[in-house]
Amino acid sequence: MIQKLVNILLVEDDEVDVMNVKRAFTKNNIKNELFVAGNGVEALDMLRSSIIPLPRIIILDINMPKMNGIEFLKIIREDENLKNISVFVMTTSNEDSDKINAYNLNVAGYILKPLSFEKFINSVATLKNFWSLCEM
Amino acid sequence: MTESAQKCQEELSALKKEYEDFVYIVSHDIKTPMRAIANIATWIEDDLGPDINIDILNNFSLLKNRVARLENMLNALLELSRINRTEMEEYEVNIPKLVKECMATLDNKTNVKFHENYNLYNENCITLGKKLNKVIFNLLDNAVRFHDKQIKNVFIDISENETEYQIKISDDGPGIAEEVRQKIFSIFYTVNSKDVLDSTGAGLTISSKIVAMVGGAIQYTPSVNNGSIFQINWPKIISVKN
Amino acid sequence: MVAANILIVDNCKIFIENTVNAFSQIGIKSTLCFAENDSKAWSMLHGKNKLLPLPKIMLIDINAEGINGIDLINKIRFDFELKSILIFVVSNIDDVEKKCDALNLNIAGYMHKPSEKGEIVAFFSILNDYWNSIEFSR
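Protein sequences, first through last, are from chains A, B and C. Everything in the first sequence is counted per my numbering, starting at 8 for the first residue and increasing by one. Everything in the second sequence is counted per my numbering, starting at 1383 for the first residue and increasing by one. Everything in the third sequence is counted per my numbering, starting at 42 for the first residue and increasing by one.
Treat the hints loosely; a few may be bogus.
[Stated by the list, open to error] Below, in silico cross-link-like pairs of lysine to aspartate or glutamate (EDC-like), each with a Cα-Cα straight-line distance of 20 Å or less: (1) K90/A / E138/C; (2) K135/A / E160/C; (3) K34/A / D1489/B; (4) K135/A / D79/C; (5) K1591/B / E1498/B; (6) K126/A / E1453/B; (7) K1531/B / D1489/B; (8) K1479/B / E1469/B; (9) K124/C / E87/A; (10) K1576/B / D1489/B; (11) K1482/B / D1523/B; (12) K29/A / D1428/B; (13) K90/A / D120/C; (14) K1413/B / D21/A; (15) K11/A / D120/C; (16) K81/A / E122/C; (17) K97/C / D103/A; (18) K81/A / D135/C; (19) K1482/B / D1539/B; (20) K1413/B / D20/A; (21) K34/A / E77/C; (22) K124/C / D20/A; (23) K140/C / E87/A; (24) K1413/B / E49/A; (25) K154/C / E142/A; (26) K1399/B / E49/A; (27) K154/C / E122/C; (28) K139/C / E87/A; (29) K126/A / D1523/B; (30) K54/C / D79/C; (31) K1512/B / D1489/B; (32) K126/A / D135/C.
[Claimed, not checked] Rough simulated footprint, nothing fancy, chain A against chain B, three-plus residues with beta-carbon under 8 Å: (33) 1420 to 1430; (34) 1440 to 1454.
[What the hints assert, rightly or not] Quick partial rundown of chain B residues pointing at chain A, CB under 10 Å, derived from the structure: (35) H1410; (36) M1416; (37) L1460.
Just so you know, the hints here were simulated from the structure itself, not pulled from any lab data. Note that the structure is a prediction, hence the values are computed from the model and not measured. Just so you know, even glycine gets a beta-carbon here, dropped at the ideal spot from N, CA and C.
Only chain A is shown next, with the shape it has when bound in the complex:
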């Protein structure tokens, strides 16, 4: 449960989007520790080298340099130590092919980044409520 405050890893290359998530977390009073990786390669390094405690939740962007979100997802789903992490996609891509690929790799949700920050706060609030139902 969220009360136990599981760690969250945000994989996102855009600085403003990272700040956006941090702000929306603060606004929603989400106190879980948030780690940030700038792309898939960096995220894999962090997960495999135990630089950070293993997160239960990953928030994943799709369009990123070096290794994009879908490629990253494929790799962690094949890794015995990482495969059970809950992944939530957060992206601007409204492409059906990205949605199909993400759900085929069993993400728990696919969220479109809205234009307005107010709407984004609401999306994060919904996510928080859902997390509070889940035992991680």
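Based on these hints, arrange chains B and C on the given structure of chain A.
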């Protein structure tokens, strides 16, 4: 086809694909910095606290309004570049029901009177339902949105012949001045300034591209009462033109 | 959200009844389908009597008598047509091993099963908000 004509055809489709990909990638990649502008404006506004100067507040709302406009334009470009790639399923639709659905999804229907008239042997047809819906919705939306009278009459007349449906959507609104009639199908063109009536100016462009794709026709004529008439010929058998 | 089918695998009559009531109270437009065990569920997902359209969301009580939930999820995950289904697991007993198995099969969430009427409405209204906030493929 001769060999050189075929080569020309191949080059043309390759160019078209390149153009569509270009429009898609550009409009998609612009979205991230654009969202950043909208978000940072909100943060600054938020950080300034409640005692904020009214002029600053107004400027913030202007800034956010313009970014929202930019988003609408990018979404329209994305839609335009994706017209022949998404929602291409042919399925059975009931034409009067489809019109009713379009009317129900319009957001402002106060004081609007719809007059429907169908002259059809068979109300059902198998067609690109989502596309037909889009075209009819856009025309109805324009008829209502740009109407200038207290009571807004909108007329829908649909009939058929052996090969096509004739869809006529007309209104008793302001009509379109003769000198700008050439421009109404161009992207982002709006008759009024976008500050007077906030609209993207992409509906007719998208509609005419859909109609061209299905091998039909769309044309504008002024009506006797100065309103607008849009006449669409929608073929019964669709051979998609790429 | 798309008004898709939602398949619930459970055999507790009271829970099913409360779920149907909660859905109408909240105003969830999706069609609810029920299967009383894993083999009934499988026949609704596979073969000539499968649901059309196939559900995009499933809810499975993993510790109910007579439901082999892990087996069912496993089969779904190895089926090309079904593997993308969003699966939510509920349970009213603590079974660490099964929870682990379910999480390894990439379920969307492992949740304590609500039992009381009001609790069930609250549970589904949170889930419904979540379903409405996420995108599904067409």
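Comparing the hints with the structure gives:
no.: 1; hint: K90/A / E138/C; in the structure: holds, 16 Å
no.: 2; hint: K135/A / E160/C; in the structure: holds, 18 Å
no.: 3; hint: K34/A / D1489/B; in the structure: violated, 32 Å
no.: 4; hint: K135/A / D79/C; in the structure: violated, 31 Å
no.: 5; hint: K1591/B / E1498/B; in the structure: violated, 25 Å
no.: 6; hint: K126/A / E1453/B; in the structure: holds, 15 Å
no.: 7; hint: K1531/B / D1489/B; in the structure: holds, 18 Å
no.: 8; hint: K1479/B / E1469/B; in the structure: holds, 19 Å
no.: 9; hint: K124/C / E87/A; in the structure: holds, 19 Å
no.: 10; hint: K1576/B / D1489/B; in the structure: holds, 19 Å
no.: 11; hint: K1482/B / D1523/B; in the structure: holds, 13 Å
no.: 12; hint: K29/A / D1428/B; in the structure: holds, 15 Å
no.: 13; hint: K90/A / D120/C; in the structure: holds, 18 Å
no.: 14; hint: K1413/B / D21/A; in the structure: holds, 12 Å
no.: 15; hint: K11/A / D120/C; in the structure: violated, 35 Å
no.: 16; hint: K81/A / E122/C; in the structure: holds, 18 Å
no.: 17; hint: K97/C / D103/A; in the structure: holds, 15 Å
no.: 18; hint: K81/A / D135/C; in the structure: violated, 31 Å
no.: 19; hint: K1482/B / D1539/B; in the structure: holds, 13 Å
no.: 20; hint: K1413/B / D20/A; in the structure: holds, 14 Å
no.: 21; hint: K34/A / E77/C; in the structure: violated, 42 Å
no.: 22; hint: K124/C / D20/A; in the structure: violated, 29 Å
no.: 23; hint: K140/C / E87/A; in the structure: holds, 16 Å
no.: 24; hint: K1413/B / E49/A; in the structure: violated, 24 Å
no.: 25; hint: K154/C / E142/A; in the structure: holds, 11 Å
no.: 26; hint: K1399/B / E49/A; in the structure: violated, 34 Å
no.: 27; hint: K154/C / E122/C; in the structure: violated, 28 Å
no.: 28; hint: K139/C / E87/A; in the structure: holds, 17 Å
no.: 29; hint: K126/A / D1523/B; in the structure: violated, 26 Å
no.: 30; hint: K54/C / D79/C; in the structure: holds, 16 Å
no.: 31; hint: K1512/B / D1489/B; in the structure: holds, 19 Å
no.: 32; hint: K126/A / D135/C; in the structure: violated, 36 Å
no.: 33; hint: 1420 to 1430; in the structure: holds (count 5)
no.: 34; hint: 1440 to 1454; in the structure: holds (count 4)
no.: 35; hint: H1410; in the structure: holds, 7 Å
no.: 36; hint: M1416; in the structure: holds, 8 Å
no.: 37; hint: L1460; in the structure: holds, 8 Å
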